[in-house]
Amino acid sequence: MSHLSQRLAQLKSENRAAFIAYLPAGFPTVEKSKAAIEVLVKNGVDIVEIGFPYSDPIMDGPIIQEAADIALANGTGASEVLEILGFTTNLKVPAVVMTYWNPIEQYGISKFADAIKSANGSGVITPDLSLEEAKPWISESNRAGIDNIFVAAPSSLPERLNHVASACSGFVYAASLMGVTGTRTSVSSSAKDLVSRIRESVQTPVCVGLGVSTPEQAKEVASYADGVIVGSALIKVLLEQSDFDTGLKELANLTKSLAEGIRQAR
Amino acid sequence: MSTTAETSSSTNLSGFPLGHFGEYGGRFVPEALVAALDELAQMHAQTQADPTFIAELDELHRTYSGRPSIITEAKRFACYAGGARIILKREDLNHTGSHKINNVLGQALLTKRMGKSRVIAETGAGQHGVATATAAALMGLECVVYMGEEDTKRQALNVARMKLLGAQVVPVTSGSRTLKDAINEAMRDWVTNVADTHYILGTVAGPHPFPTMVRDFHRIIGDEARAQALELTGKLPDAVLACVGGGSNAIGIFYPFIEDASVRLIGLEAGGDGIETGRHASAITGGRPGVLHGARSYMLQDKDGQTRESHSISAGLDYPGVGPEHAYLHDIGRAEYRPITDKEAMEAFSLLSRTEGIIPAIETAHALAGAMKVGNELGPTATLLINLSGRGDKDVETAANYFENLKI
Chain A
0 MSHLSQRLAQ LKSENRAAFI AYLPAGFPTV EKSKAAIEVL VKNGVDIVEI GFPYSDPIMD
60 GPIIQEAADI ALANGTGASE VLEILGFTTN LKVPAVVMTY WNPIEQYGIS KFADAIKSAN
120 GSGVITPDLS LEEAKPWISE SNRAGIDNIF VAAPSSLPER LNHVASACSG FVYAASLMGV
180 TGTRTSVSSS AKDLVSRIRE SVQTPVCVGL GVSTPEQAKE VASYADGVIV GSALIKVLLE
240 QSDFDTGLKE LANLTKSLAE GIRQAR
Chain B
0 MSTTAETSSS TNLSGFPLGH FGEYGGRFVP EALVAALDEL AQMHAQTQAD PTFIAELDEL
60 HRTYSGRPSI ITEAKRFACY AGGARIILKR EDLNHTGSHK INNVLGQALL TKRMGKSRVI
120 AETGAGQHGV ATATAAALMG LECVVYMGEE DTKRQALNVA RMKLLGAQVV PVTSGSRTLK
180 DAINEAMRDW VTNVADTHYI LGTVAGPHPF PTMVRDFHRI IGDEARAQAL ELTGKLPDAV
240 LACVGGGSNA IGIFYPFIED ASVRLIGLEA GGDGIETGRH ASAITGGRPG VLHGARSYML
300 QDKDGQTRES HSISAGLDYP GVGPEHAYLH DIGRAEYRPI TDKEAMEAFS LLSRTEGIIP
360 AIETAHALAG AMKVGNELGP TATLLINLSG RGDKDVETAA NYFENLKI
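Chain order of the listed sequences is A and B. Per numbering that gives the first Met the number 0, residue 0 is the first one in the first sequence, and the count goes up by one each step. Per numbering that gives the first Met the number 0, residue 0 is the first one in the second sequence, and the count goes up by one each step.
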């Protein structure tokens with residue numbers, strides 16, 4: 000069982016949803032992204048999701064695009080992503096990598112799975128790897144002993160949703176809405192429906208992402224999901240502050256209030 | 000290995016063909032799009048065999064876009080192509096000025112059948128955007144076109160045309176601000192609005208079923224040209240040539256010749272400043288296999304799999320990827336792909352204008368430059384069929400600047 004699964008099981012026994020935070024590796028620099036991750040972990044984040052910055056992120060809105068561009072301009076590549084993953088797991092927090100497919104294919108599927116394992120990573124989220132194309136990755140991630148996490152969508156038909164959810168280990172990533180990452184004023188009602196539909200097929204924990212940005216929204220999602228994934232809202236805080244240390248303070252405040260929201264949910 | 004490229008023995012979870020061309024193609028997309036792609040694949044398969052749909056599209060071809068397009072023998076231009084017999088397939092004479100309308104009319108009809116009211120499109124040179132805006136106006140669909148900010152400047156005339164046709168043009172300011180980024184933005188729109196929106200992708204790239212579907216809507220070019228060339232010359236051409244960016248006009252004219260083993264299929268990629276400079280848009284000649292925009296194919300990328308920016312004087316070829324069927328045809332040796340530099344293309348652009356009174360699109364000029372090379376290699380006994388995929392009105396300013404700078 001991965002660190003990720005152990006942590007999710009432990010939180011379930013405590014009757015609380017997990018707080019999962021996303022940050023792109025190398026944003027705004029490798030060292031500063033490590034500092035930001037430390038802030039997240041100190042202020043109540045349970046699981047860290049490290050983004051592999053990519054040139055053509057079709058599932059991401061303007062905030063993550065901008066952060067990824069900054070990370071890429073700083074030369075962030077596979078070795079930096081893996082370095083930051085290792086740094087994060089050394090903080091004794093379960094961590095996964097979220098990446099579009101081409102960087103894995105170019106690194107080498109088998110080699111990438113091994114590298115995640117060596118850095119004590121729990122698994123990989125692959126937002127654009129359709130299940131039909133996923134066989135080689137599933138077999139390599141199983142061999143390496145890491146979780147493979149796919150994204151389920153509100154538009155998935157029942158049989159399809161069952162296949163997607165069944166292919167996931169660690170957790171099922173439920174996209175709260177039809178759209179890309181970013182902050183939203185409210186959480187779509189489709190999120191709750193999707194979580195119950197997924198639970199009809201599998202026992203695997205279901206975590207909700209896309210558009211969760213405020214403590215109120217986090218609290219709402221945490222009342223029914225096994226985990227709440229927040230990305231753009233955290234990155235926005237860092238993007239908006241020209242001084243990084245001020246940004247980190249703001250990040251600590253937002254993280255704390257999101258964590259409180261999640262802890263008050265049930 | 001079969002030369003009819005699509006290997007459709009594998010099916011996806013819903014039972015539809017996966018659209019693999021050997022190891023290329025497939026579907027690498029967010030799960031949110033899968034249901035829409037399945038619906039589209041199913042609709043495409045159904046309508047391919049539906050006499051009502053076929054008749055409807057055929058009538059639009061005849062009475063709206065002006066098909067069949069003619070062929071023209073370019074006798075004066077031939078003197079610069081080793082004296083080879085040069086036959087031009089005149090897709091430039093279609094309504095809206097390029098081959099793009101063939102695919103757009105087909106997909107717009109599918110949009111209506113699926114009960115969707117809004118279409119989106121990406122465009123590079125603006126030809127696909129203009130064609131989409133045109134079909135949307137004709138069929139009463141809302142239309143949004145994503146265009147890289149860089150391209151809106153290079154192709155200002157086409158931006159104005161799209162607006163006149165009632166479309167909204169959204170300049171894309173992310174990434175390299177060209178066609179690749181316009182596709183990203185269109186994908187993001189589609190993921191968000193897929194319930195009422197169809198994405199009219201303009202080339203034979205993207206996730207299944209686009210490469211197959213767009214090819215099927217363009218094969219009319221090759222079907223007509225094959226019969227026309229046979230009638231004119233009494234034999235099949237020795238080679239068929241077309242420019243290749245995403246590769247839609249090329250696959251359209253190549254496809255009906257794939258089983259004709261004697262016919263060489265030659266795709267001309269945008270060589271920009273030259274392959275050796277790294278500043279080019281030749282995915283097959285200067286790239287390697289990877290996944291971009293939902294399919295596996297050749298593409299320009301760095302060691303980490305980050306897409307590299309492409310460079311070409313031609314906005315329509317300025318794309319770091321290429322359709323997966325071309326990747327397959329290249330690997331099995333059925334088609335050959337060569338780069339043409341900006342300079343070579345512009346020489347051919349000028350030459351066709353002066354010798355035949357036909358101003359080609361700069362995209363198309365790459366195919367003409369290829370014809371000059373291949374004609375000189377094969378000599379006067381050869382017959383070359385060239386897809387004259389678009390007209391050059393939109394490029395007059397780019398050409399004027401180019402030749403002004405060179406003091407020609």
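These are calculated hints, taken from the structure and not from any lab test. Fair warning: there could be bad hints in the mix.
[Said to hold, decoys possible] Pairs of lysine to aspartate or glutamate, EDC-like flavour, derived with a Cα cap of 20 Å:
#, chain 1, residue 1, chain 2, residue 2
1, B, 234, B, 195
2, B, 302, A, 68
3, B, 111, B, 188
4, A, 134, B, 22
5, A, 31, A, 239
6, A, 255, A, 113
7, B, 302, B, 275
8, B, 111, B, 195
9, A, 110, B, 301
10, B, 302, A, 239
11, A, 91, A, 30
12, B, 302, A, 82
13, A, 33, A, 82
14, B, 302, A, 37
15, B, 302, A, 104
16, B, 111, B, 22
17, A, 41, A, 68
18, A, 116, A, 82
Keep in mind it's a predicted model, so treat the numbers as computed, not measured.
request  = Would you list, in rising numerical order, the hints stated earlier that this structure does not obey?
outcome  = 1, 6, 10, 14, 16 and 17
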